[in-house]
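If you want the building blocks of each chain, they are given just below.
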Amino acid sequence: MRQETEQPSVIRPYGDTTGDGMVQVSFTLPISPGPKAEGAALQLAGRMGLDPAMVVHANGLGGLDSAYTFFVVYGRVGHLVELDKVVVREREYPLLAAKEANLVIKRTLRRKLVVLGACIGTDAHTVGIDAILNVKGFAGEKGLEYYREMKVSNLGAQVTVPELVSQARKDRADAVLVSQVVTQRDAHLRNTRELAAAFREAMGDNRPLLVIGGPRFDPLMAEELGVDRIFGRGTTPGEVASYLVHALTTIKEPVRAR
Amino acid sequence: MTPARSAPAGTDPREVIHLDRRLVRRARSLALRAAAPVISLAKERTTVSVERAVLRLAGLSGADPTTGDGDIPWVNRVVDAVRDQVGLEHGVALPVWHAMRVHGHASLVDLAEAVTAGTARFEIPTGAAAVRAHNAATRAAKAGLRQIDRNRAIRDRLIRNIGDPPRRPWVYLIVATGDIYEDIPQAQAAARAGADVIAVIRSTGQSLLDFVPEGATRQGYAGTYATQENFRLMRAALDEVSRELGRYVRLTNYASGLCMPEIATLAGLERLDMMLNDSMYGILFRDINPQRTFVDQRFSRMIHARAGIIINTGEDNYLTTADAVDDAHTVTVSQLLNETFAHEAGLEDWQLGLGHAFEINPDLPESLRLELAHALLARQLFPNAPLKWMPPTKHMTGDIFRGYLLDGFFNLVGALTGQGILLVGMMTEAVVTPFLSDRDLALQNVRYVLGAAGGLTEDFHPPRGGFIESRANQVLAEAVGLLERITEDGLLNAIADGTFGITKRPADRGKGLDGVVVKAEGYDNPAVTLMEADLGRGAAP
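Chains X and Z supply the protein sequences, listed in that same order.
Per this note's numbering, the very first residue in the first sequence carries number 1; after that it's consecutive.
Per this note's numbering, the very first residue in the second sequence carries number 1001; after that it's consecutive.
There's no promise every hint is true.
If you only want the chain Z side, here are some residues facing chain X, beta carbon under 10 Å, derived [what the hints assert, rightly or not]:
| no. | residue |
| --- | --- |
| 1 | Ser1203 |
| 2 | Ala1222 |
| 3 | Phe1285 |
| 4 | Asp1287 |
| 5 | Glu1429 |
| 6 | Val1431 |
| 7 | Leu1436 |
| 8 | Thr1503 |
| 9 | Lys1511 |
Calculated lysine-lysine pairs in the DSBU-like style (CA-CA distance at most 30 Å, straight line) [as the list claims (entries may be wrong)]:
| no. | chain 1 | residue 1 | chain 2 | residue 2 |
| --- | --- | --- | --- | --- |
| 10 | Z | Lys1142 | Z | Lys1043 |
| 11 | X | Lys106 | Z | Lys1504 |
| 12 | Z | Lys1504 | X | Lys170 |
| 13 | X | Lys106 | Z | Lys1394 |
| 14 | X | Lys99 | X | Lys151 |
| 15 | Z | Lys1394 | X | Lys112 |
Computed list of chain X residues with no C-beta within reach of chain Z, every gap over 12 Å [to be verified]:
| no. | residue |
| --- | --- |
| 16 | Val23 |
| 17 | Val104 |
| 18 | Pro162 |
| 19 | Ala197 |
By construction, these hints were calculated from the structure, which means they are not laboratory data.
Treat the numbers as computed from the prediction; the structure is a model and nothing was measured.
The beta-carbon is built from N, C-alpha and C at its ideal position, and this holds for glycine as well.
Using the sequences provided together with the hints, build the complete structure.
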């Protein structure tokens, strides 16, 4: 199927002929099956830009007296894709599968990547750090414990900053992950600043990578708070792992030493 | 009268493949040996959650309204106070019921309020006072057990009157919106669409909470909190739909975690029918302390045994982290250990929903035959257990069309190998929470395969010494090999060394260790005493 011809700047969906614009969609409408339901599906398809549209399947969910109808619709979509207007936001690091992450660590670090996790201050909500670290993981992705080339310790809740610093030193941690859920009186921001200051004071430029996570953080505040990275709501273990691998296995730019 | 192909004379007619009997015997005796020291350890210890379960059984429910967000249950308050004042080495029963009498508390809630007010004083009674406290505690625990027995009898009667699902496997479907009042209509709709078992999955991370939340909950994270009130509401809703449909729809929730004993107790008190309860899941996948887990699982399983609850074990989890072919034997080992621990706690074979899963990489040649071999191994090794067959998750890529086919093959293997409980696979696994239509399509898939091929077991006789039979025996032999290493090393050491899965879980690490207490001479737990006395005599008091 590969064609070495030049990519046109405008493309349409490909059904079985170039430029035919054919697509298939399926959806459910809260209406009992029948002619009215099919009409409703066609109206929606039309507004989605399908013209002509065909309802090829309509079925009451859970039986004929159902209040919901499921449709499969085929149709020609009138919209065009203008490739020169496609903008992709580039993540500065690639998303790696666990196997790839392990491989990169093995090849570049030639030892295990040491990760230390904790909830600091009075915060007892370990849900976040557990979802990222526990083998069980989150959103279908295994936690960092699952990565063979990572050595992960989860210190749990209510760890003090000095404890965390001393443990990080003892374990020669490459990265310290801290989760902060409680935001009362901006405790999460205060704790994070305290953490960054303690590590800076104790270890200077040799401090481990500091990664913070929590639902109420603005990921853009990392620099302001003195940490390397902030992850927000819905972050998965794979994203964190990929970031750690990227940040710790690529040669450090001289920016930090400045 | 049977064709030449089927079982030769002298073998079990249910035997579809032949397993090496010496290996089977060896596997079971090794599992017993591996479990024995852990069972002793469990008998010598109690935990905060076991003690809280005793109070729950005695009827203490509700939360302290005066502290925090009102989310600290009374049972936590009381157990913590007993622990602070006299320790838990003797159990909570003696100090609590002694205090009730001496300080004239009208009820356990009354006592709990005194704890919050700081006026409750606990001591370990001796002599006649100890006997009185023991007797009062025993009466209270007996009332709870009677409630559990009554629920079991009600379930039996409902099944008799309303009827069981017409065929096996039972179709098991998950709902969970986070809001119990949203879950209820969804569960009823799922039952009408063909689900025989409804599982309400818990809010993410509830297994790591060292307390059971209270009341009807409307907010959860990727699941709904397991609470006594949520249990009650959902069971009542399913009773209603069971009558409408003419088949008893079962309700499942999850016990594994830091509050296994308490959640098991609440399940018994609210007539849940199945519970996820794995002997090692908390350790391996949640980093819960091994001692805590083994003590808690023993008590929780005694309650399940009493309540006539079918447990579901979590072997599917192994295959999501390890390779489903190379590590197939770890599933068998875990099943054998789960069986051993379950029998010791009084569970009978019909209550053992031992888990396994369809997780072999579909790109691997002969993957379906390997799946059949593994499924038949489990079927044959545990002939009287209602095995729980779990759908593919690891190789569901987001290509829903391919996923739908994979789920069809999963259903086929389930039908062919006589699985007891079939968890319905979703083509949108790992994409989104299932749409209404996804569930409907998934159930159509199950209905089609069971309808078209459900009777194929009659014709399905893999040849002696063929690929399937050989593979099953090979996995069994590998399981025996692993069990040998475990018994040599000790199960706790094996867990510490990372024998199961990738993680190392030392016996003195992990969450909840501070909630484990070695029993003193004179430890008293009337619930355990009563249940052990009745073990083997069924549920009737």
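- With d taken as the least Cβ-Cβ distance between X/Val104 and chain Z, does d exceed 12 Å? X/Val104 is indeed farther than 12 Å from all Cβ atoms of chain Z, at 18 Å.
- Message: Checking hints one by one. Is Z/Ala1222 an interface residue toward chain X, by the C-beta closer than 10 Å rule?
- Response: It holds, given that the least Cβ distance between Z/Ala1222 and chain X is near 8 Å, below 10 Å.
- CA of Z/Lys1142 to CA of Z/Lys1043, is that 30 Å or under? 21 Å, holds
- Item | Pairwise hint evaluation, X/Lys112 against Z/Lys1394, where the allowed Cα distance is 30 Å at most | Measuring from Cα to Cα gives roughly 25 Å; hence the hint holds.
- Message: Checking a non-interface call: every C-beta of chain Z should be farther than 12 Å from the C-beta of X/Val23. Is that right?
- Response: Consistent with the label, X/Val23 stays out of reach of chain Z, its closest Cβ about 15 Å off (over 12 Å).
- Does X/Pro162 really sit off the interface, with its C-beta more than 12 Å from all C-beta atoms of chain Z? 21 Å, holds
- Using 10 Å as the Cβ threshold, decide whether Z/Phe1285 counts as touching chain X. 4 Å, holds
- Item | Nearest-CB test (12 Å) between chain Z and X/Ala197 | 29 Å, holds
- Pair hint outcome, X/Lys106 versus Z/Lys1394 [Cα-Cα no greater than 30 Å]: 24 Å, holds
- Item | 30 Å limit on alpha-carbon distance, applied to hinted pair Z/Lys1504 and X/Lys170 | Distance of about 19 Å is within 30 Å: holds.
- Query: How about Z/Lys1511: closest beta carbon in chain X under 10 Å, or not?
  - Reply: Hint holds; Z/Lys1511 Cβ to chain X Cβ min 6 Å, cut 10 Å.
- Item | chain X contact restraint on Z/Val1431 - CB to CB distance below 10 Å | 9 Å, holds
Hint check: no violations occur; every hint is consistent with the structure.
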